[in-house]
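Chain residues, written in single-letter form:
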Amino acid sequence: MSAGAKKRIMKEYTECMNDPPTGMKINFNEQNMTKWEVLVDGPEQSIYAGGHFKLEINFPNEYPFKPPVVSFKTKIYHPNVSNDDKGSMCLGLLRADEWKPPNKVVAVLRLIQTLLIEPNQDDAIEPSIANEYKENRKEFEKNAKDWVKRYAK
Amino acid sequence: MADAGYVLPDEELAQLQKLSSDFEPETTGPLVGERQSSAAITTEYANADPVYRVKTAALPSKYAYFRTCRGDGHCGWRAIAFTYLEALVREANVGKFEEEEARLMSINNLFNNVGINYELIIDFAEEMFDLLHKLAHSVSSNDGNADAILLQAFNDMGTSLSIITYIKFLASAWVQAHPADFEAFITTGDVKTYCSLSIEPSQCELDYVAVGALSAALIKPAGFAFEIMYLDRSAGEEVNATVFSQPTDQNGMLLPNPPTIRLLYRPGHYDILYKAEDFPPPVQQQPIQVALANPYNDSFIPSESSVDIMAMIPGMYSTSFGHRWPSVPYEFDASPTPQAQVTPVQPYTPTPASAAPVNTSRQDYMPVHASHQPNHSNTGRHGLHLEGPPVTLPIHSLPPPPVSIERGHLTLERGGPFRPSMYELEQINVPSFQTSIFKNSQYNTAHYMNPDFQPEAWSPDTEYGAGHKGKHKPPAQ
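Chains H and U are the protein sequences, given in the same order.
FYI, in this note's numbering the residues of the first sequence are 1 to 153.
FYI, in this note's numbering the residues of the second sequence are 1001 to 1477.
It should be emphasised that the hints constitute simulated quantities derived from the structure, not laboratory data.
The reader is advised that the hints may include incorrect statements.
[Claimed, not checked] Over 10 Å on every C-beta distance to chain U, these chain H residues come out as not near it, computed from the model:
id	residue
1	SER2
2	ASN27
3	LEU39
4	LYS54
5	ILE57
6	PHE65
7	SER71
8	THR74
9	LYS75
10	TRP99
11	PRO101
12	VAL108
13	LEU111
14	ASP122
15	LYS142
16	LYS153
[Unchecked claim] For lysine-lysine, the following BS3-like pairs were computed, each having C-alpha atoms within a straight-line distance of at most 25 Å:
id	chain 1	residue 1	chain 2	residue 2
17	H	LYS145	H	LYS73
18	U	LYS1192	U	LYS1062
19	U	LYS1192	H	LYS66
20	H	LYS11	H	LYS104
21	H	LYS25	H	LYS104
22	U	LYS1134	H	LYS7
23	U	LYS1192	H	LYS104
24	H	LYS86	H	LYS142
25	H	LYS86	H	LYS66
26	H	LYS75	H	LYS153
27	H	LYS138	H	LYS75
28	H	LYS6	U	LYS1192
We put the CB at the ideal spot given by N, CA and C, even for glycine.
Please model the complete structure; the sequences and the hints are all you need to start from.
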């Protein structure tokens, strides 16, 4: 990892410390600064309220010229999070072809909070869950809440 | 979860989609390469289709050098940023660096005016200004390191991409501040959306709008001209030049002979082109001189007497192109074989393998008897009579040039990103060279018969003594 990338990550972490984003907690390890662990609370107004989701943010060597890679370590029933052991997300500014170097991790975290409140059904990584979200909202909410209870307490 | 039989294909699709969106073409070579003879481009296309062959063959005579940019999707941006800074270095004027820094600083207001938070791009802008300072310092101390500093900075991925990011946002801000100039080229969405999707992202290639924006924001105000040479399959026998910037003075008059930034565009990729006069003569291209000089040492020593003989041949120099002829005879007459190949009909009968338009376009040869050596009646470089050889005089097959020319030529490609060519592969197989088209192509400046046969620093005057200056006359257009 280049000195520039390290400097940039350090700077972003300092910004997060000075102005902590609400509803989340960042675990930062200076020995391994390219891997952040973030604990995100399910937003109050969302079906994920009450849940606590562990996220991992991995910074590529080319950061900030390539986007960070975000994955849910806590299982979540959500159209935009892959329903496997990776829990990966790839949409919006996280996509390689939409990422802009001035974007910051905080913006990524805010995007995730927004997605917890309102999933993006057009850009789903789990089409079946997206379909359920679209066609059978009740069933979707039931499953999502069920998973919160099961995995995210 | 819905039923698994339905889900699986979707998941596979999603996986495939992810694979395809994560795909990156394999890229090699330096981010910005060393300056090299553009004959390497001719070599690269020696086996391409005729349009490319003709166009690339004509290239080295006009644009003597080029520089590669790695084809990683950033090449166009990188080429512009690099050439802009390189043009400043070539100006060798510290005052100009200061002017440009002040000017770029003043443009920074533009960012906030169009709603781009300058704070967010300040890190990238600082890389640009740092490099400007380093270059200015090197130029002011006249330590001769500026070129190396520039090349090194651009081959550092972080620095290079930071500067690219800076000029991307500069382009974006410029487009948003001058929407009227660009709206016509933006087919989808408004100007802001366009910039957000097609200029600002990390992975987006330089497009026409951005070229226009950078030309107006970065290049023209610096007093540089800007041209892009398009090498594609369109009609024509040369690359098509499009002028993007013609700098003017305060009174709106065109500046005479401004420093010029030239890019070579091949569909999907940008490299950098130079004219020979962009660089003062003493270029450090030692390897090329050595490599090309060696093969000629024995057989290419001109003799004054043979020059005289040439001059006595009626009609030999009667045409206008006679003047441009290198009067240096390349001694092939030692071998009687070419004489035996006299063919009165088609000059230059190509072997089947070499039936190439590049050759046929050269048929306007001055016919010359083989015993009188150089029948380099090379007219304009662009095949004036594609199908019309001079009808009356017999023409000989060209004597095969020494294989060592090819070897010499290969050295031109040192370190370049080019695939190994057939010449490399067949290098050991000497006989195969005898029928290769390429060595017969006078479009190749490494070819002994090319009127512009002068890998930059090759000087007949020093090599063969005075009196052969005709070689350097600019070819008639």
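Consistency of the hints with the structure:
1. SER2: violated (4 Å)
2. ASN27: holds (25 Å)
3. LEU39: Per Cβ check, H/LEU39 is outside 10 Å of chain U; nearest 26 Å; holds.
4. LYS54: It holds; H/LYS54 is separated from chain U by about 22 Å at its closest Cβ, greater than 10 Å.
5. ILE57: holds (17 Å)
6. PHE65: violated (4 Å)
7. SER71: Nearest chain U Cβ is 13 Å from H/SER71, so the label holds.
8. THR74: holds (18 Å)
9. LYS75: holds (13 Å)
10. TRP99: The assertion about H/TRP99 is violated, with a minimum of 5 Å to chain U.
11. PRO101: With a cut-off of 10 Å, H/PRO101 comes too close to chain U, as the shortest Cβ separation is near 5 Å.
12. VAL108: The claim stands: H/VAL108 keeps its Cβ more than 10 Å from every Cβ of chain U (closest is about 14 Å).
13. LEU111: For H/LEU111, whose nearest Cβ neighbour in chain U is about 15 Å away, the distance exceeds 10 Å, so it holds.
14. ASP122: H/ASP122 is indeed farther than 10 Å from all Cβ atoms of chain U, at 14 Å.
15. LYS142: Consistent with the label, H/LYS142 stays out of reach of chain U, its closest Cβ about 12 Å off (over 10 Å).
16. LYS153: For H/LYS153, whose nearest Cβ neighbour in chain U is about 21 Å away, the distance exceeds 10 Å, so it holds.
17. H/LYS145 x H/LYS73: Holds, at about 17 Å.
18. U/LYS1192 x U/LYS1062: Violated: U/LYS1192 and U/LYS1062 sit about 40 Å apart, past 25 Å.
19. U/LYS1192 x H/LYS66: holds (22 Å)
20. H/LYS11 x H/LYS104: holds (10 Å)
21. H/LYS25 x H/LYS104: Status holds; Cα separation ~16 Å.
22. U/LYS1134 x H/LYS7: holds (21 Å)
23. U/LYS1192 x H/LYS104: Judged against 25 Å, a Cα distance of about 20 Å means the pair holds.
24. H/LYS86 x H/LYS142: Judged against 25 Å, a Cα distance of about 23 Å means the pair holds.
25. H/LYS86 x H/LYS66: holds (20 Å)
26. H/LYS75 x H/LYS153: holds (11 Å)
27. H/LYS138 x H/LYS75: Distance of about 20 Å is within 25 Å: holds.
28. H/LYS6 x U/LYS1192: At roughly 31 Å apart (the allowed maximum being 25 Å), U/LYS1192 and H/LYS6 break the hint.
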